[in-house]
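What follows is each chain in one-letter form.
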Amino acid sequence: MNRLRLWLLAVGGAGLAALLVAACLDLPGFGGRRHPYGDRAVQASLARHTANTISSVNFDQRAYDTLGEMSILFAAVLGCVVLLRQARDEHRDRPEPAEVARPVRRYALLVLPVALVTGLYVVAHGQLSPGGGFQGGVVAATALHLLYLGADYGALERVRPLGVYETSDAVAVCAYLVLGLASVLAGTAFLANTLLPYGTFNTLSSGGTVPLLNAAIGMEVASAVVVLLAHFLDQAVEIEEEQGS
Amino acid sequence: MSDAVIVVVLLLVAACATAAVVQRDPARQALVLSVLGVLLAALFTVLQAPDVGLSQLAVGSALTPLLIMLCVRKIRRRGRPKEDAR
Amino acid sequence: MNGWILAATVALGGGGAAVLWGVTTGPPARRVIAQNLATSAVCPALLLLSQGYGRPAYVDLALLLALLGPVGTLVFARLLCDDLSEEGASAWALTWTAAGLGAAAVVALCVAVGPGRAMVKLLVVGALLISGNVIASRALAGGFRGVRGG
Numbered sequence: 001m002n003r004l005r006l007w008l009l010a011v012g013g014a015g016l017a018a019l020l021v022a023a024c025l026d027l028p029g030f031g032g033r034r035h036p037y038g039d040r041a042v043q044a045s046l047a048r049h050t051a052n053t054i055s056s057v058n059f060d061q062r063a064y065d066t067l068g069e070m071s072i073l074f075a076a077v078l079g080c081v082v083l084l085r086q087a088r089d090e091h092r093d094r095p096e097p098a099e100v101a102r103p104v105r106r107y108a109l110l111v112l113p114v115a116l117v118t119g120l121y122v123v124a125h126g127q128l129s130p131g132g133g134f135q136g137g138v139v140a141a142t143a144l145h146l147l148y149l150g151a152d153y154g155a156l157e158r159v160r161p162l163g164v165y166e167t168s169d170a171v172a173v174c175a176y177l178v179l180g181l182a183s184v185l186a187g188t189a190f191l192a193n194t195l196l197p198y199g200t201f202n203t204l205s206s207g208g209t210v211p212l213l214n215a216a217i218g219m220e221v222a223s224a225v226v227v228l229l230a231h232f233l234d235q236a237v238e239i240e241e242e243q244g245s
Numbered sequence: 001m002s003d004a005v006i007v008v009v010l011l012l013v014a015a016c017a018t019a020a021v022v023q024r025d026p027a028r029q030a031l032v033l034s035v036l037g038v039l040l041a042a043l044f045t046v047l048q049a050p051d052v053g054l055s056q057l058a059v060g061s062a063l064t065p066l067l068i069m070l071c072v073r074k075i076r077r078r079g080r081p082k083e084d085a086r
Numbered sequence: 001m002n003g004w005i006l007a008a009t010v011a012l013g014g015g016g017a018a019v020l021w022g023v024t025t026g027p028p029a030r031r032v033i034a035q036n037l038a039t040s041a042v043c044p045a046l047l048l049l050s051q052g053y054g055r056p057a058y059v060d061l062a063l064l065l066a067l068l069g070p071v072g073t074l075v076f077a078r079l080l081c082d083d084l085s086e087e088g089a090s091a092w093a094l095t096w097t098a099a100g101l102g103a104a105a106v107v108a109l110c111v112a113v114g115p116g117r118a119m120v121k122l123l124v125v126g127a128l129l130i131s132g133n134v135i136a137s138r139a140l141a142g143g144f145r146g147v148r149g150g
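Heads up: the protein sequence lines correspond to chains A, B and C, in order. At position 177 of the first sequence the residue is numbered 177 (full-length UniProt numbering), and the sequence of numbers has no breaks. At position 78 of the second sequence the residue is numbered 78 (full-length UniProt numbering), and the sequence of numbers has no breaks. At position 47 of the third sequence the residue is numbered 47 (full-length UniProt numbering), and the sequence of numbers has no breaks.
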């Protein structure tokens with residue numbers, strides 16, 4: 001039986017290796033300067049006054065893909081919320097207050113607003129420089145958890161009404177869909193970037209709907225990460241199994 | 001010659017990823033993983049993909065370690081008797 | 001290949017190898033210190049690369065790393081405080097050396113870009129990097145001693 005399993009692994013591995021080698025032989029050269037798809041993507045993004053071509057691909061030319069990625073994150077967080085809920089044989093303890101050294105606490109409280117602003121900056125400049133909704137949203141959500149690191153879980157819970165974040169997660173997903181449907185109502189295709197004027201190249205208000213979609217993604221990711229971490233923190237800090245179970 | 005930086009970072013990433021797999025203790029794995037995240041961000045930068053590098057930095061430097069370490073803490077606490085956890 | 005990229009290669013190669021060695025061997029205290037030094041080795045390298053490639057937008061990467069790298073170290077310092085409290089993890093000589101490296105890179109870049117908005121951004125990154133590095137070292141050296149259970 002063991003030998004059979006090894007053979008199966010060997011055959012599968014050999015097949016995978018052969019396929020990978022065949023695929024690698026057909027790849028374009030490493031680090032080439034020209035690529036047929038790249039040239040077309042850059043042309044399209046320049047035509048729509050979006051300085052960051054990656055954002056143009058993510059939120060304009062392939063905005064439908066981003067919708068799929070957003071639903072993956074939404075569904076994953078939903079699954080975690082269901083799995084990590086408080087079970088019947090568990091109970092909640094108050095988190096113990098923690099004594100953190102003063103310089104560390106001051107640093108956390110000082111960096112928290114800086115990190116929040118950086119997150120918003122990364123979201124807002126998604127169409128101009130590297131970054132966008134996902135990156136900025138994660139940074140903003142991480143910033144909030146400096147309260148847990150610099151003080152204690154009770155302090156974080158006071159500024160984090162979980163219901164608000166759950167609602168804003170859903171609202172952001174809806175906003176993305178509504179923006180897509182709006183272009184259908186305007187007479188073009190779903191999520192086509194034809195609603196708004198393209199603006200002046202390389203300014204904050206350029207790129208048509210790209211900044212709006214970026215903002216929706218930023219809100220979705222930030223709330224999703226906060227909700228996800230909240231359930232992990234609840235499990236790690238507050239929820240205890242009943243004795244004798 | 002200008003590819004030297006790419007070679008250096010690629011070698012570092014390969015070594016770090018191997019080290020992360022070889023570690024046995026989850027907490028130590030998380031430490032190596034967070035270093036791997038930073039190195040990967042450098043690799044994406046030298047390959048001229050700063051967007052991907054930013055995503056890697058945002059997720060890998062604080063969020064992933066926090067999730068892993070919270071899980072480790074929960075599991076360790078469950079292993080101990082209740083009075084001892086206090 | 002220009003001088004900036006060469007300097008970044010040296011910082012990445014030397015710092016990266018040292019960090020890798022520190023984070024994979026030895027007691028937990030040493031591993032956490034090495035994890036903290038990863039930020040201070042790679043962040044200046046990212047700044048140098050952005051100057052070497054002539055792309056000011058790449059400074060955002062260094063900004064994010066300078067912000068979030070110390071936060072990651074604080075996570076480990078807080079959730080591993082039981083393992084760290086026995087031995088105590090202080091490495092002030094290393095910390096200040098790394099801070100000096102970061103400061104040197106920021107000063108060199110400031111001279112290169114000249115006064116303006118880009119210089120302000122560089123100074124913000126430098127301040128965040130050095131203060132974050134020092135505070136994370138402080139946290140590792142017993143900043144979370146009063147934390148239990150929470």
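Please note: incorrect hints may appear among the correct ones.
[Stated by the list, open to error] Incomplete in silico selection of chain A near chain C, CB under 7 Å:
hint, residue
1, A98
2, P130
3, T203
4, S205
[As the list claims (entries may be wrong)] Residues of chain B placed beyond 10 Å of chain A at every Cβ, according to the derived structure:
hint, residue
5, P26
6, P50
7, D51
8, G53
9, S55
10, A58
11, V59
12, A62
13, L66
14, L70
[Claimed, not checked] Pairwise CB distance ranges (calculated):
hint, chain 1, residue 1, chain 2, residue 2, range
15, A, R40, C, V10, 34 to 42 Å
16, C, A127, A, G13, 48 to 56 Å
17, A, D89, B, Q48, 25 to 33 Å
Since the hints were made in silico from the structure, they are not lab data. For glycine and all other residues, C-beta sits at the position ideal for the given N, C-alpha and C.
Hints, one by one, checked against the model:
With a cut of 7 Å, the hint placing A98 of chain A at the interface with chain C holds, because the nearest CB-to-CB distance is about 4 Å. Given hint, P130 of chain A at the interface with chain C, holds; its Cβ is 6 Å from that chain's nearest Cβ, closer than 7 Å. Checking T203 of chain A against chain C: minimum C-beta separation of about 15 Å lies over 7 Å; hint violated. With a least beta-carbon distance of about 18 Å to chain C, the hint placing S205 of chain A at the interface is violated under the 7 Å criterion.
The Cβ of P26 of chain B lies farther than 10 Å from every Cβ of chain A, with a closest approach of about 14 Å, so its non-interface assignment holds. Residue placement check: P50 of chain B does not keep its beta carbon more than 10 Å from all beta carbons of chain A (closest about 4 Å). A beta-carbon of chain A is positioned within 10 Å of the beta-carbon of D51 of chain B; the least distance is around 4 Å. Once the 10 Å rule is applied to beta carbons, G53 of chain B is inconsistent with being away from chain A; the minimum gap is 7 Å.
Taking the minimum C-beta to C-beta distance to chain A, about 5 Å, the non-interface status of S55 of chain B is violated against the 10 Å cut. A Cβ of chain A approaches the Cβ of A58 of chain B within 10 Å, the least distance being about 4 Å, so the stated non-interface status is violated. With a least beta-carbon separation of about 6 Å from chain A, V59 of chain B fails to lie farther than 10 Å from that chain, contradicting its non-interface assignment. Non-interface call for A62 of chain B relative to chain A: violated, since the shortest CB-CB distance, roughly 5 Å, does not exceed 10 Å.
The Cβ of L66 of chain B sits about 7 Å from the closest Cβ of chain A, inside the 10 Å cut-off, so the non-interface label is violated. The Cβ of L70 of chain B sits about 4 Å from the closest Cβ of chain A, inside the 10 Å cut-off, so the non-interface label is violated. At roughly 39 Å, the beta-carbon separation of R40 of chain A and V10 of chain C lies within the given 34 to 42 Å, and the hint holds. Separated by about 51 Å at the C-beta atoms, A127 of chain C and G13 of chain A satisfy the suggested range of 48 to 56 Å.
Between D89 of chain A and Q48 of chain B the Cβ separation comes to about 53 Å, which falls outside the hinted range of 25 to 33 Å.
The structure is inconsistent with the numbered hints 3, 4, 6, 7, 8, 9, 10, 11, 12, 13, 14 and 17, although it conforms to all the rest.
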